[in-house]
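J.: Construct all of the structure, not just a fragment, from the sequences and the given hints.
Number of protein chains: 2
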Amino acid sequence: MRDFTLTVTRVPGCLATAAGDRRAPQVNDNLSVLDRHREGESGGIGSGLPARGIAILARCQVRFNRDFIGTYAKSFRFAHRAACPEVELPPVINARDDRPVTACLVVPGKIAFKTRPEAPLAQACTLMRTPVQEGVVLAFHMEHPDRMSVQVDDFPATRGNIPNHCNNVSSHDNNQSSAGGASPSDVDAFRGQFPVSRAMIWRNSRKDWNQPMARNINITVIGAGSATFSLGLVKDLCLTENLKGSHVTFMDIDAQRLWNITGLAERYSRELGADLRFTQTTDRQAALTGADFVINTADVKGHHHARRVRELTESLGYYYYTPSALGHFYNFRLMLDIARDIERICPDAWLIQSGNPVFDGTTLMNRHTNAKIIGLCHGHYGYLEMANVLGLDPSRITWEAPGVNHAIWLTTFMHDGEDAYPILDKWIEEHGPTYWDTHVATRTHDIQMSRGVIDMYRMHGLMPIGDTPRLVGWWYHTDLATKKHWFGQPWGGPDTEIARPVHVSVLSERLAQVDAAIKDPSVQVTSVFGQTRTREQQVPIIDALANGVAGCFQVNMPNTGGIVAGIEHDVVVESQAWIDRGGVHPMRPARPLPASVMREEVMPKVGEMERGLEAFLTGDRRLLLLDILAERKTTSYDQAKTLLETVLAMPGHEEVAAHYR
Amino acid sequence: MRDFTLTVTRVPGCLATAAGDRRAPQVNDNLSVLDRHREGESGGIGSGLPARGIAILARCQVRFNRDFIGTYAKSFRFAHRAACPEVELPPVINARDDRPVTACLVVPGKIAFKTRPEAPLAQACTLMRTPVQEGVVLAFHMEHPDRMSVQVDDFPATRGNIPNHCNNVSSHDNNQSSAGGASPSDVDAFRGQFPVSRAMIWRNSRKDWNQPMARNINITVIGAGSATFSLGLVKDLCLTENLKGSHVTFMDIDAQRLWNITGLAERYSRELGADLRFTQTTDRQAALTGADFVINTADVKGHHHARRVRELTESLGYYYYTPSALGHFYNFRLMLDIARDIERICPDAWLIQSGNPVFDGTTLMNRHTNAKIIGLCHGHYGYLEMANVLGLDPSRITWEAPGVNHAIWLTTFMHDGEDAYPILDKWIEEHGPTYWDTHVATRTHDIQMSRGVIDMYRMHGLMPIGDTPRLVGWWYHTDLATKKHWFGQPWGGPDTEIARPVHVSVLSERLAQVDAAIKDPSVQVTSVFGQTRTREQQVPIIDALANGVAGCFQVNMPNTGGIVAGIEHDVVVESQAWIDRGGVHPMRPARPLPASVMREEVMPKVGEMERGLEAFLTGDRRLLLLDILAERKTTSYDQAKTLLETVLAMPGHEEVAAHYR
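Here the protein sequences come in this chain order: A and B.
For the first sequence, this note's numbering begins at 11 and goes up steadily by one.
For the second sequence, this note's numbering begins at 11 and goes up steadily by one.
Check before you lean on any hint, since a few could be wrong.
The list makes no distinction among identical chains, and a pair is therefore deemed to hold if it is satisfied within one copy or across any two copies.
In silico lysine-lysine, PhoX-like type, Cα no more than 25 Å apart, as pairs [as the list claims (entries may be wrong)]: (1) K643 / K311; (2) K311 / K615; (3) K311 / K651; (4) K494 / K651.
The hints are simulated quantities; they were obtained by calculation from the structure and are not laboratory data.
T.: Structure follows, in structure tokens:
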């Protein structure tokens, strides 16, 4: 048992935790002062953490609540006296070892503690915040006591502005100076630079910390034949100074498309004067050799196969339906193969899973391999669509949308540090009806401010974000007319028989552009594909992990640390994380998802995922049948059974049919 | 920090945990021996527990798994060294205080532990068993170290045979000598009398233990106008020697029925020579004064109101549907009122909740009052219907059917200590089709061996018991023809438009019998209503709690102790418990419910219950709408909205409509 220290740092201008949350949870604030230190004091047993004029350092005993100890019992053992749970203090660690740590709390205001906690910990660590009382954000961080003293200046993010990729990817550019979405009053908080609504301390990896920038990163892209994705990645790499020397390996099973993409990428890199090197291969294992990062964007059966499945289900009386547990078979198998290859061939590589099913697939890989996995999606940018319609500057918005992929809900939505939900409410009252009657989407996915999404908001008191409304609320999805009513003209959202062909044709046009460009060497690739960065997170995340250009990202990661309360640790959740050289540090959302959202929307998605994984792992056909029966569009047992057998008998599904017995 | 002792007792003839479970969980058996004592040794620091030739006593450290510590962190703090979880050891306590305890383990075979655990504990305690490795049942019990030494003979159940009310209520009679469903090879286990599949040690309450039998028990029945129930209760009391001196208070809002029932009860008691005294009142608070036991069997709106609601939903396109969250309003309110009255008027009384909704209502009362609550249902007797059809002697069956009320699944089904599921499988193969084609039910609830229940068994590998198939598997319930197919002739189970009137008319006939008997003083009440005990558990439970005539019962109780893994502690679950003067000691089922049953059947019921309670407590009309939308019979948003508003506007629903905004 070693000594422990809690460092308490006062941060002004804090987040009002209760604001804007219509169903704000009761926050327990009955911590009581035993030993409070003056602001500005510093020190403590075994602590090398500096105070820099704003630290209060105290020996504390925090009273932990059941949930806290409960959820993290594997890694935490608290002192005998640390009983009588009183405050919900979130955990910090995904512990693999059991070493003691220093506990460090960043709190504004009148937080107070008793004597010392005792917490043997942990290899990996987690960052999170928690409301302690109104107006208080508590960031909690644990680290090994034997790590080096760290000066605040050691953290690269405090040298300049905080890059906040969740808010605005373009702010990541080193020559820009966005405050990362924090309001001015926030920004003077932590050494004048740290947005309080993101108050945190993060852990660096000792071995990495003083290393120079890593310029020769090996990046492998699986499914590189996707023109939009691969060229976007190359564009982002060319526009990221630190990564201009990277080596990119494109892998795809379609050699022709691979050849085209690689050729264009080389021209693009040359035009921009970047020092990128490219390799192409159809051999996946060769592609993984030496990889530092593996990006999997493959979709084994493409859009056309999905269309054939939908045609078949339609013939059996279903409106626009694909049996998902069954449909994931090929991608599940590929994902597991890739993650297992990574374990063997390049065990230190990060796998950035960029193709669906992100939720199910990353959970599967995380459970059954040791690969380091980050799952990415675009859905969270729905908050930008909200800002756009509401006329708000995205850079002044602070937001959080935790949940699981495709079921995320906007728990925090602030503008200049003030709750922005009232702005939404005013818009709904004054402009909503006109917008819903007159707005005509130009992109199939433009549904964030639709009648249906606002209706879901009214139901739960929180906005569902991005892809979420595509998959919840069966009653909005029963037929085309209903979908048009709820998700707007002209397509009724992206998941209709008239929208999907539009989406697919956009992708086909992009492929045609690639073909045309490859045939004509005189074409300036930069003029065809542009010179602005995409809003994809892959390259900024690589820069964070490889070069310590740290930032905040919306990622899918295991629920270690209980980021989303009520979900098992080995399920992958989606939320914000701080990413730096030390890895992915999940940030517990300031506000938990309300009970109704968890019960009605998130947990059913978790159940569906679990059913699909159990089906895949056991090959039990009964679970596929249960999956079809769980689908609201199914009207009878016979219909479900017929559908299952018919889909399994479909040409192209021989392996699936053999797998499920 | 006090000293602790683990007492390890060898029990031969143990339960084979993997047998008969098609989806047996992996059992972790890597406990390792540090300090193993010879069989027959006894002793230990702070322990007064006797060995009596079969105890192994050891100082142990058990390695706990995360779940264990996690779930019970509020009451347990384990020693610093108790890390590295390795075995799933179930918890023992619903701790309200924090006193140290003695840990006592009853294990057959090669279980072994390391040094001592450290476990400050707990006012109430829980008994449970857990599989440790194949062939081993581990019972774990914690108790206060300052309690008196207890001799095995102190436990009344070991003096004679083990009464097992779950199996066969008639075995409770003191002059009978059933072995409680344990097989002969089991029965010679613990002092030659304790069935091993129920291996346990139970805790007595020091203050009660040496008290004489309590002959003057005050029992209050709320909703006593229910003729069948009240006369059955009186019959059971008259036939229970220890309770013949009890005082019964009948309370109902219907004074006429109350008068009739009381008159008949008095005659019945006189005819049998029992010394029961009766009071009747329409004043609930008066009825509670001095009560030791309160039995609530009231149903605020009766069958006729339910029929009118169904007629209304039918007119809106629903087949046989009652919106349950909405429908529970009156009973929820009554239950909370009663439990709060008990807190105030008779805080030491036990509330035996005997009316629906048992699951929702007992969870509600448990969360919001301090009343001591036991919920009862009849559904678990479905295993007797199975035994009957299979031609098995119920007294030779060992069974467990945990879950939540109306969603219980037969995890253990043994005959003479051997897995009896193969007997069921053989019956299905050889006799099932004939039975389903030819069997004609004479009771509306006779569905346990129907085609639908066997189909659910095939789906999950476990039999759903009793009321369970009435409420799960929407596809069996879409219309009358479908229900007849799955649940048999002539009614298609109890929940059809043709079955319900039959059920109600049986109840009316019983009321008419009461009326006739009351008008004719020459009638021998015993000849009309019989002289055999009912299979109701209320009176045996009262005898156990009041007089220590302990036994095993199927009850609804808070999930303290994690009896059903994966369900929150403050949710009421249904499973077996040992009941004695010390209280209700939940027994953790030998086998957990498989993941698919939890995910597909049990957790959705929990979610539904939570939705209903949140709706009731918040008065949020949106949650009622979500409840109707969650119903599979709902086909559109408009239909759900119309239904909600129409039902709320129904005469008799004024208070509901005012409550939900």
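J.: Give a verdict on every hint.
T.: Hint-by-hint comparison with the structure:
no., hint, in the structure
1, K643 / K311, "within (24 Å within a copy, 34 Å between copies)"
2, K311 / K615, "within (23 Å within a copy, 36 Å between copies)"
3, K311 / K651, "within (23 Å within a copy, 40 Å between copies)"
4, K494 / K651, "between (30 Å within a copy, 20 Å between copies)"
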